[in-house]
Each structure stands twice: as structure tokens, then as C-alpha cells.
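Position 119 of the sequence shown, counted from 1, bears residue number 119 in the working numbering, the numbering being contiguous throughout.
Hint data in this document are derived by calculation from the structure and do not stem from the laboratory. Source: prediction; values computed, not measured. Treat each hint with caution, since some may be false.
Said to hold, decoys possible - Below, computed lysine-lysine pairings styled on DSSO-like, alpha-carbon distance capped at 27 angstroms:
| id | residue 1 | residue 2 |
| --- | --- | --- |
| 1 | LYS118 | LYS44 |
| 2 | LYS51 | LYS82 |
| 3 | LYS51 | LYS76 |
| 4 | LYS82 | LYS44 |
| 5 | LYS51 | LYS118 |
| 6 | LYS118 | LYS89 |
| 7 | LYS118 | LYS88 |
| 8 | LYS89 | LYS44 |
| 9 | LYS44 | LYS88 |
| 10 | LYS44 | LYS76 |
| 11 | LYS76 | LYS88 |
| 12 | LYS118 | LYS82 |
| 13 | LYS89 | LYS76 |
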Amino acid sequence: MAASGSEIVEAHSKQLNWLAQEENFAVNDDLDQLLEETRGILEKLADAAVKLGSWQMVLWQPRWVFAELDGLCYQKISAEEKPIGQPKKILYSSILHIEELDQGEFVLQCNNRDYTFKAPNENLSSVLVHNLRQLRERART
């Protein structure tokens with residue numbers, strides 16, 4: 001017995017709906033993984049550097065850093081490396097450029113200022129930069 005035209009269309013429609021639903025699950029899994037991978041203790045370059053003649057002293061501050069859907073958050077940590085205080089958020093919509101530097105450092109160039117972070121190693125820095133670029137693009141769409 002042959003299927004009618006309407007039965008074929010209905011079966012095809014069900015397949016397309018299933019595919020769309022599975023694609024949504026995959027996208028959400030990817031997003032969950034991005035958010036999970038984009039976290040950890042990094043060092044953040046303090047805002048104002050101290051000038052000593054022709055020398056400049058920079059201060060790196062340890063921070064707990066974590067990604068959310070709309071921005072990268074950072075907050076102070078205790079001596080036991082536990083997050084303390086209120087987190088601050090750098091919105092992806094304010095990030096103009098993400099630049100990867102040497103020695104695990106990367107810069108988030110924003111509308112009003114730059115934020116420089118340092119990862120424990122260059123591999124982790126590369127992963128963070130890659131993830132942040134993806135999260136920034138997702139926030140734009």
C-alpha cells in the first residue's frame with residue numbers, strides 16, 4: 001500500500017522538526033561546554049601602573065573569572081582562592097577586540113577601557129581567547 005502525498009509531507013515535517021530539536025540540543029551543549037571551559041583563576045592587570053622614573057611597576061591581581069551568557073565576570077579571591085565580594089562583568093557587547101599576547105596574556109579591548117588578563121600558561125590562554133571570541137559572536141546574534 002502506497003503512502004498518500006499528505007502522509008509523506010507529514011512524515012517529512014516530523015523529521016525536520018526532530019532535526020531542528022536535536023540541533024538545538026547540540027547548540028545548547030556547545031554553549032554549556034563553552035561556559036564551563038571559560039572559568040578559573042587568572043591574574044588581572046591592575047588599572048593604574050606606578051611610575052618610578054623611566055620604570056613602570058605593574059601589579060597583577062589574582063581573580064576568579066567565569067563566563068556568563070552576556071559577559072565575562074571577575075571577582076577578588078581570598079587567600080584560600082575562594083571568590084569573595086561582588087563580581088564585576090565585562091559585557092560581550094562592549095568588547096571591540098580580543099587580542100592574544102605572549103606568556104599567557106590576553107587583552108579585552110572595550111569601548112571605555114582595556115582589560116588585561118594572564119592565564120597560568122599559553123595553552124589555557126589560547127582556549128580562553130577562542131572561547132571568548134565565540135561567546136562574543138553568540139551574544140551579537
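How the hints compare with the structure:
Distance restraint check for LYS118 and LYS44: the Cα-Cα separation of roughly 6 angstroms lies within the 27 angstroms cut-off, and the hinted pair is therefore satisfied. Restraint check for LYS51 and LYS82: not satisfied, since their Cα atoms lie roughly 31 angstroms apart, outside the 27 angstroms limit. Simply put, LYS51 and LYS76 have alpha-carbon atoms about 24 angstroms apart, close enough for the 27 angstroms limit, and the pair holds. For a cut-off of 27 angstroms, the pair hint linking LYS82 to LYS44 stands: about 16 angstroms separates their Cα positions.
Between LYS51 and LYS118, the direct Cα distance comes to roughly 21 angstroms. Compliance with the 27 angstroms bound is thereby established for this hinted pair. Simply put, LYS118 and LYS89 have alpha-carbon atoms about 17 angstroms apart, close enough for the 27 angstroms limit, and the pair holds. Between LYS118 and LYS88 the alpha-carbon distance is near 17 angstroms, which keeps this suggested pair within the 27 angstroms criterion. The straight-line distance between the Cα atoms of LYS89 and LYS44 is roughly 13 angstroms, inside the 27 angstroms bound, and the hint therefore holds.
The hinted pair formed by LYS44 and LYS88 meets the criterion: a straight-line CA distance of about 12 angstroms does not exceed 27 angstroms. As the CA atoms of LYS44 and LYS76 are separated by approximately 10 angstroms, the hinted pair is consistent with the 27 angstroms bound. As the CA atoms of LYS76 and LYS88 are separated by approximately 9 angstroms, the hinted pair is consistent with the 27 angstroms bound. Taking the CA atoms of LYS118 and LYS82, the gap is near 18 angstroms; set against the 27 angstroms cutoff, the hint holds.
A C-alpha spacing of about 12 angstroms is found between LYS89 and LYS76, which places the hinted pair at or below 27 angstroms, so the restraint holds.
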